[in-house]
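**Student:** These protein sequences, in sequence, are chains A and B. Residue numbers for the first sequence follow the numbering used here, beginning at 1 and rising by one. Residue numbers for the second sequence follow the numbering used here, beginning at 1 and rising by one.
These are computed hints drawn from the structure, not numbers from a lab. There's no promise every hint is true.
[Stated by the list, open to error] With a straight-line Cα cutoff of 30 Å, these simulated BS3-like cross-link-like pairs (lysine-lysine) come out: (1) B:Lys12 / B:Lys374; (2) B:Lys47 / B:Lys67; (3) B:Lys76 / A:Lys20; (4) B:Lys47 / B:Lys76; (5) A:Lys111 / B:Lys76; (6) B:Lys374 / A:Lys20; (7) B:Lys12 / A:Lys11.
Every value quoted in this text rests on a predicted model; they were computed, and no experiment measured them.
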Amino acid sequence: MLARLKQLLIKEFIQVFRDKRTRFVLFGPPIIQMLIFGYAATFEIRHVRTVVLDQDHSQESRDLISRASSTPYFDVERQLTDQRQIPEIIDRGDAVVALQINAGFAENLRKGQTAPVQVIVDGTNSNTALIAVGYLGQIAGVFAQDYQHDRMYRIAPQWVERMPQVQLEQRPWYNPDLRSRWFFVPGVIGSLTLVLVTTLTAFAVVREREIGTLEQIMVTPIRPFEFILGKTLPFFLIGLLDVSLIATIGTFWFHVPFRGQIAVLFTGAVLFILCMLGVGLLISTVSSTQQQAMVTAFFFIMPAITFSGFGFPISTMPPWLQYCTYLSPLRYFLVVLRGSYLKGVGMNVLWPQMLAMGALGFALLMMSVLRFHKALD
Amino acid sequence: MRLTRLGAVAMKELTQIRRDVRSLIIVVVMPVILVLLFGYGVSLDLKHLPVYVYDRDGSQQSQDLLKRFRASDYFKIAGMVNNDPELVRAIDAGNAKMGLVIPWDFSQRLRDGRTAQVQALIDASDDNTANVLIGYSQSVVQGYSSDVQLDWLHHRGQAIQPAPLRVEARTWYNEDLESSAFIIPGVLALVMSVIGAFLTSLTIAREWERGSMEQLISTPVTPLEIMLGKLIPYFVIGMFDVSLCAGLALYWFHVPFRGQFSTLLLSSALFMIVVLSLGFLISVIAKNQLAASQIALLATFLPAFLLSGFLYAIEQMPGVLQVITRAIPARYYVSVLKKIFLKGTPTSLLYADLVPLTIFALILAAIATRAFHKRLA
Numbered sequence: 001m002l003a004r005l006k007q008l009l010i011k012e013f014i015q016v017f018r019d020k021r022t023r024f025v026l027f028g029p030p031i032i033q034m035l036i037f038g039y040a041a042t043f044e045i046r047h048v049r050t051v052v053l054d055q056d057h058s059q060e061s062r063d064l065i066s067r068a069s070s071t072p073y074f075d076v077e078r079q080l081t082d083q084r085q086i087p088e089i090i091d092r093g094d095a096v097v098a099l100q101i102n103a104g105f106a107e108n109l110r111k112g113q114t115a116p117v118q119v120i121v122d123g124t125n126s127n128t129a130l131i132a133v134g135y136l137g138q139i140a141g142v143f144a145q146d147y148q149h150d151r152m153y154r155i156a157p158q159w160v161e162r163m164p165q166v167q168l169e170q171r172p173w174y175n176p177d178l179r180s181r182w183f184f185v186p187g188v189i190g191s192l193t194l195v196l197v198t199t200l201t202a203f204a205v206v207r208e209r210e211i212g213t214l215e216q217i218m219v220t221p222i223r224p225f226e227f228i229l230g231k232t233l234p235f236f237l238i239g240l241l242d243v244s245l246i247a248t249i250g251t252f253w254f255h256v257p258f259r260g261q262i263a264v265l266f267t268g269a270v271l272f273i274l275c276m277l278g279v280g281l282l283i284s285t286v287s288s289t290q291q292q293a294m295v296t297a298f299f300f301i302m303p304a305i306t307f308s309g310f311g312f313p314i315s316t317m318p319p320w321l322q323y324c325t326y327l328s329p330l331r332y333f334l335v336v337l338r339g340s341y342l343k344g345v346g347m348n349v350l351w352p353q354m355l356a357m358g359a360l361g362f363a364l365l366m367m368s369v370l371r372f373h374k375a376l377d
Numbered sequence: 001m002r003l004t005r006l007g008a009v010a011m012k013e014l015t016q017i018r019r020d021v022r023s024l025i026i027v028v029v030m031p032v033i034l035v036l037l038f039g040y041g042v043s044l045d046l047k048h049l050p051v052y053v054y055d056r057d058g059s060q061q062s063q064d065l066l067k068r069f070r071a072s073d074y075f076k077i078a079g080m081v082n083n084d085p086e087l088v089r090a091i092d093a094g095n096a097k098m099g100l101v102i103p104w105d106f107s108q109r110l111r112d113g114r115t116a117q118v119q120a121l122i123d124a125s126d127d128n129t130a131n132v133l134i135g136y137s138q139s140v141v142q143g144y145s146s147d148v149q150l151d152w153l154h155h156r157g158q159a160i161q162p163a164p165l166r167v168e169a170r171t172w173y174n175e176d177l178e179s180s181a182f183i184i185p186g187v188l189a190l191v192m193s194v195i196g197a198f199l200t201s202l203t204i205a206r207e208w209e210r211g212s213m214e215q216l217i218s219t220p221v222t223p224l225e226i227m228l229g230k231l232i233p234y235f236v237i238g239m240f241d242v243s244l245c246a247g248l249a250l251y252w253f254h255v256p257f258r259g260q261f262s263t264l265l266l267s268s269a270l271f272m273i274v275v276l277s278l279g280f281l282i283s284v285i286a287k288n289q290l291a292a293s294q295i296a297l298l299a300t301f302l303p304a305f306l307l308s309g310f311l312y313a314i315e316q317m318p319g320v321l322q323v324i325t326r327a328i329p330a331r332y333y334v335s336v337l338k339k340i341f342l343k344g345t346p347t348s349l350l351y352a353d354l355v356p357l358t359i360f361a362l363i364l365a366a367i368a369t370r371a372f373h374k375r376l377a
């Protein structure tokens, strides 16, 4: 059996590496995608174009505006003089945020009445809009607190020194500078592996069927099980190689720290790739042409990535969707990836994920082997 | 060019699509699935984030503070723990996004008029979530602290006005900051990329692979007729899918549509020409289906997903990447889509997007035609 398997493996490797284009397909797209993703995927906001309309012209309003403009988040590009300018500027997309302080702002503050600050944001990019509004809320909060403190000091300086106070000491763990890249890069490793291994496996088998060489192989003494092993083993190895390659880019090019154990990451990768081999084989059993295989793979890939927590936290999805996410192997691999990269946790934390991937992988492979036998008959 | 021959090629292509039931299903179902996926699965609005609390004080005051966290939409107290290791474990395992530690002398310090520090340990591996947590926990604690101070001064006969400052945010074009309203228009670009480039490049690459293209060429049909005949059915399908997606967006997700429908059709037709030309070009360059599918992924789907402003704001990307996005046709299409869906920008103000889109369509169609001729020669 081993001899036959060896022959099959040799054939498979020759086939994969013979063609220049196929060689490129194995390593080119993952690297290019990793680079683009690493740079493009960010939810951080910096230098948001902002215009200001200050109709109060007070010390207080100027103070608030300068607090906003001194952050890296907002670039005040223009001071407006008329409220009617705002719609035009936002419509044209010349600014994303307009900060408007009406006359009477300082007066209201002094009297202890609610002093409103108007913020107008362009909601066509709701992410930027949400974060910008959040930051402005924070800036206004600090401003109000400082203002109140000043007043207390003026009125009752003897008390202020002995006044109670609650402070929040924040410690952002794992990613202290809150870099989006640190969040996305480990995720990209997972999703690229998913795309690569699934499509390659599905294509490899379907191609043989489409060309008719599958029948030729089946008349040889090679057993179906050996055939499956011979088909999947190369992609298993290529998958592992690609994981190592893009993980290296993540660490040395994008400088995402790796704090965990390489052995844990690889255990996760092995289990995950097994799942993907199972999916690829399953797709190949239900497709007779490469085009069908590709499109079916696409149907699997899109939901699997969307529901994995790759870009959006699972906890924000509707509850019924949250249950669906348990079926995506990528969901578990992402926890392992982020756990290994950023959190530096080991098996004692990640074993549920490993177990889930192991179970899913086993089920998928069993299903595909059974179906494959049937498809041959 | 003869219309009868053109018609014959188009009919042949249509028959081929119709005969392949799965392709047909895909063409109708895939847009629906993509719209549903992104409509439900993608939410930028982070609420009810799980928080674990370690209340070492257990006093009335610490309960008051926690009550304020409970009252906020952004937090959900998911667990109370009694020691540090448990808290760390909850964060490591991802069960808690934030751990709040209230010191044992919290109420004592407040009574003595000293500063009490509350600790927030935040899982910052997801920077976006961390940002929300940092901002809103800060504002909760600030609000509490300021009330404690006013109360304290009041007891000592010093009535001081609070400084209530309110940020009134108005979000234009997408008033409720619905993620679906911002995401779904862009999904149209994804669907078209898949239909246009993926399906076409695979179909035509198959003809090359099988040699049926040579048969077709040996007939009196001219190359231009072949090309148009093959692409027209996909063009029709693409336009059908655009209408389908737009219908879903409007009637299922209630995304506003404020522009002109004719503009939607015009820009979609232009973009369809772009992706079809790309798909055709790819099939001419790549000799097999595997390479064609991977190149199509890299050249159309990925840019439409990452570099078009569909999900990630272009202005937040590094400068070099921003320049590159100018060469991505999907960028202009997504921009038009957002403007006609959400902003209702009149067609006359869309030249900045429509003109580049037209130029891309013309150039790519010309390149594809040339490459096809050359390949035949």
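**Student:** Any hints this thing doesn't respect? Which numbers, in order?
**Tutor:** Hints 3, 5 and 7 are the ones this structure does not satisfy, whereas the remaining hints hold.
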